[in-house]
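Asks: Based on the hints, put chain B in the right spot on chain A.
Protein sequences appear in the order of chains A and B. Read left to right, the first sequence gives residues 1 to 332 (our numbering). Read left to right, the second sequence gives residues 1 to 332 (our numbering).
Quick caveat, the hints were computed from the structure, so don't treat them as lab data. You may find that some hints are simply not true.
[To be verified] In silico lysine-lysine, DSSO-like type, Cα no more than 27 Å apart, as pairs:
#1 A:K14 - A:K137
#2 B:K46 - A:K137
#3 B:K209 - B:K260
#4 A:K46 - A:K14
#5 B:K14 - B:K211
#6 B:K46 - A:K133
#7 A:K46 - B:K137
#8 B:K14 - A:K46
Protein chains: 2
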Amino acid sequence: MRIDGLQYANWSEKIFRQLREGGVDAIHVTIAYHESFRETVLNFEKWNRWFEQFPDLIMKGRWARDIDVARETGRTAVFFGFQNPSPIEDDIGLVEVLHDLGARFMQLTYNNQSLLATGCYESYDAGITRMGKQVIKEMNRVGLVVDMSHSGDRSTIEAAELSERPIAITHANPHDWAPALRNKRDAVIRAVTERGGMLGFSLYPHHLKGKSDCTLESFCEMIARAADSYGAEHLGIGSDLCQDQPDSVVEWMRVGRWSKEIDYGEGSASLPGFPPMPGWFRDNRDFGNLENGLRATGLNADEVAGIMGQNWYRFFERNFTPQQAGGMTGGT
Amino acid sequence: MRIDGLQYANWSEKIFRQLREGGVDAIHVTIAYHESFRETVLNFEKWNRWFEQFPDLIMKGRWARDIDVARETGRTAVFFGFQNPSPIEDDIGLVEVLHDLGARFMQLTYNNQSLLATGCYESYDAGITRMGKQVIKEMNRVGLVVDMSHSGDRSTIEAAELSERPIAITHANPHDWAPALRNKRDAVIRAVTERGGMLGFSLYPHHLKGKSDCTLESFCEMIARAADSYGAEHLGIGSDLCQDQPDSVVEWMRVGRWSKEIDYGEGSASLPGFPPMPGWFRDNRDFGNLENGLRATGLNADEVAGIMGQNWYRFFERNFTPQQAGGMTGGT
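This is chain A alone, in the form it adopts within the complex (with noise of 0.2 Å):
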């Protein structure tokens, strides 16, 4: 079972294709960076489209079992989530009607302050609001898991303290390999797994370790010591894949309409687009490569299972559905 935690590509009938040639079973996309909820709802129908049209590639996840569906009809399971909480706006009773649109990780923060919580690129983290905290029991209740992989260390830390539920980081890597301010440093880890939540290991190349030079070894053998660190059960895929992307999106993820001034986010003045993924992972058809990379490292076969996907699965099972069942039926 392969599941990536995290993609946000140019789609096309050609990625559809190769997410199937790559054997990938799920994908967790991003549908929103800075999107009103009224554009969000454009993005869920654009899906709608793109469902309707390729019935034979892909199909909307929204729980787990849909997982095994796309697995018996060899299609890959396509799971939505948002990089911000732009799209519940001010209105909390927007967690519940966009986890029955199909929302199932939303983040609390991208790079800056939210109504939520403080974003990875502000220069102090005051943790987390009242809104915050608020918002975190709702999405505990309907089934919306916390994404914090572009939030500060404190707001995340305290995410992960104030949630009933596991939260995740659904795409970073630790930042003791690779010194990016978007990696994560132990202390943080190890507050969302400890508790249950899970890490997706990025290949976007400014998370990696000698970036778009990055080998498949460093990046396998740096899964392992997380492994060895914070249990081989916490750990999965969350590639980052920005592909086919041109680089006016590059600019909507990091700018929205927050600034009239350009932020170069992760990459520089000289850099400005997206950087070139490293050659051992140059889009879905290359999960086999890291597969091969995770058992070369040592890690055992159940291990290698867990973090190419079945990691993610259980997570899912576990952590998309309502909290008081009684009587949704359609989670249960």
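Replies: Frame of chain A, contents of chain B only:
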């Protein structure tokens, strides 16, 4: 089993308790008359709050099987619908989005011309529009039932013919029993029921012979005659109960934002508000009276059970799930 095919009360704990007292297992409730998509979302949110506040009395209904859950747990399953297509605005993609949120019925018109069809108060009925044909197809695909309660004759007959799945008139009576503009002529009822569709009998006094003074006997005799004409299996109740609504709401229903002048609809300048209900059907506690009244007409036990709820149950079971079940496990 008791199912009401349409209500629009001013919801409160009192009414939820009366639903339980009346043994009502499921209701279809209106959550939009003239609301935009965004406004309709707020109405879904309002219900989500009630489901949280009154978990022992009510639960959200998505599929027919939720009625089984409601019965097992002593609650009423609440299904959602719109009396106008205003929630989809001019965007066919919103049909699936709203079905995902739980919409199960949508009228193609509310009295006036809409983007889809002609309302029963227009002077000329031009039938189903170009967009209307597309939307009917999409409603069929996702499992959103076409409701023609407030549509013109030609539009209703065309909708019944165009729709690949049975349609409904959730709340109206035969025109030859009570010649209100909203009641339905024989050819219209026939077009709907011949194709597996349903007629829900209304208890709104303007739709009754003798209005508020209508007798239980007259009402039930009318149903028994309709069973002879159209087959008892196509009949149900759609009480149109508007309990506890202030007159300002009847004005919103009739005028929305489409006119600055008062339109009295089925009322008049001298009787602008909601007329009093007949004494034998004050509210949800009186479903037993209906059942007794139907038995007294000579309809057999199966026919009465069908009209009181089982016919709607079977209709819900067949028509709320997506047409192509492939991978859509939410509905299957």
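Asks: So which of those numbered hints doesn't the model satisfy?
Replies: Going through the list in order, the structure violates hints 1, 3, 8 and respects the others.
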